[in-house]
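Student: Using the sequences provided together with the hints, build the complete structure.
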Amino acid sequence: MKAILMTAPGSPEVLQLQEVPDLAIQKPTELLVRLKAAGINPIDTKLRQRGTFFPDQMPAILGCDGAGVVEAVGAEVQRFQVGDEVYFCNGGLGGHPGNYAELATIDEKFAARKPRSLSFEEAAAAPLVLLTAWEALFDRCNLQPGQRVLVHAGAGGVGHVAVQLAVIKGARVCSTVGTEEKARLVRQLGAELAILYQQTDFVQAVMDWTEGEGVNIAFDTVGGSNFFKSLEAVKVYGEAVTILDFDTANANWKTARMRNLRVSQELMLTPMLQGLVAAQQHQAEILEACATLFDEGKLKIHLQQALPLAEAATAHRLLEAGSMTGKLVLVI
Numbered sequence: 001m002k003a004i005l006m007t008a009p010g011s012p013e014v015l016q017l018q019e020v021p022d023l024a025i026q027k028p029t030e031l032l033v034r035l036k037a038a039g040i041n042p043i044d045t046k047l048r049q050r051g052t053f054f055p056d057q058m059p060a061i062l063g064c065d066g067a068g069v070v071e072a073v074g075a076e077v078q079r080f081q082v083g084d085e086v087y088f089c090n091g092g093l094g095g096h097p098g099n100y101a102e103l104a105t106i107d108e109k110f111a112a113r114k115p116r117s118l119s120f121e122e123a124a125a126a127p128l129v130l131l132t133a134w135e136a137l138f139d140r141c142n143l144q145p146g147q148r149v150l151v152h153a154g155a156g157g158v159g160h161v162a163v164q165l166a167v168i169k170g171a172r173v174c175s176t177v178g179t180e181e182k183a184r185l186v187r188q189l190g191a192e193l194a195i196l197y198q199q200t201d202f203v204q205a206v207m208d209w210t211e212g213e214g215v216n217i218a219f220d221t222v223g224g225s226n227f228f229k230s231l232e233a234v235k236v237y238g239e240a241v242t243i244l245d246f247d248t249a250n251a252n253w254k255t256a257r258m259r260n261l262r263v264s265q266e267l268m269l270t271p272m273l274q275g276l277v278a279a280q281q282h283q284a285e286i287l288e289a290c291a292t293l294f295d296e297g298k299l300k301i302h303l304q305q306a307l308p309l310a311e312a313a314t315a316h317r318l319l320e321a322g323s324m325t326g327k328l329v330l331v332i
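Going by UniProt numbering, the sequence shown opens with residue 1, and the numbers climb by one from there.
Hints listed in this document are in silico derivations from the structure and should not be mistaken for laboratory results. Note that the structure is predicted; figures quoted are calculated from it, not measured. Honestly, I wouldn't trust all of these hints.
[Said to hold, decoys possible] 25 Å max Cα-Cα, derived SDA-like pairs, lysine to any residue:
#: 1; residue 1: Lys46; residue 2: Gly326
#: 2; residue 1: Lys235; residue 2: Ser264
#: 3; residue 1: Lys235; residue 2: Leu196
#: 4; residue 1: Lys229; residue 2: Ala249
#: 5; residue 1: Lys254; residue 2: Leu269
#: 6; residue 1: Lys46; residue 2: Lys235
#: 7; residue 1: Lys229; residue 2: Glu213
Tutor: The following block contains the structure:
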């Protein structure tokens, strides 16, 4: 099969299209999937730059997100059959092969049926960002109808699905964005307020929007000082969740302490990294629930650009350039 191999940590040029042996089913509960598309995520570029979680297993095939057609099933598979269309977040961290390839294997417990209303490219763009937003808002923060939520970078990969999931839940949403075009997008997705953070103090804008009270939940997808500034926009006994490391060098927890805030971190890769089967099954259930939302027209994925598999290095350069709207995928 053809695959993009990461030959060593480094620049995008370490991603090389090569011919490698076909994958085969190793366990009776596995699926062999003929991939049609693979999603590109920031974790891919970080692993390419610094090395994977399994540096002794090189070269590696990156790519956590995939969508394709079941080509073969193990003897004990019950949920799927040959010809089924699936999407999933699995592999790509340096151990189990990722999805920048023509074939993938996955335990049936971790796969979900592809939304009928989405193309393979759209479906491949969705899993990691859906799981991140769902876990952050629902599993970490227990978002409730009527609550107010601040979503940072609401036109980005995670942000644009977080806005929609919050609205579907019945929450009221405001979001920071960088341009008027992105402001229009987040409003179309259901945000009541789009804050151009380069021109406006987002804390003041949030306070004006909430009549001085603050939001119930701040969802940080930016990191750095942005997280700690966000705490100023959260109401007393509210919550803040981030998908990035805390900036410990410049940490200021006084606001969180004085407001009795609950602070959470979200890393949807934890179940895969630690082999937590029940948690990975829960993630597949999340993707099944989101497939229903897609097919009911309640949820959309914004696909910015699709590139051929051979142009994986170009896709990494585009993502690393920043200011991405929505998602990038590779077409296989």
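Student: All the hints need checking, so say for each whether the structure fits it.
Tutor: Evaluated hints:
1. Lys46 - Gly326: Measuring from Cα to Cα gives roughly 18 Å; hence the hint holds.
2. Lys235 - Ser264: It holds: about 16 Å lies between the C-alpha atoms, which stays within 25 Å.
3. Lys235 - Leu196: Holds, because 21 Å separates the two Cα atoms, which is no more than 25 Å.
4. Lys229 - Ala249: Within the cut-off at roughly 15 Å; holds.
5. Lys254 - Leu269: violated, 30 Å
6. Lys46 - Lys235: Violated. Lys46 to Lys235 sits at ~34 Å, over the 25 Å cutoff.
7. Lys229 - Glu213: holds, 16 Å
Hints 5 and 6, counting from the list given before, are not met by this structure.
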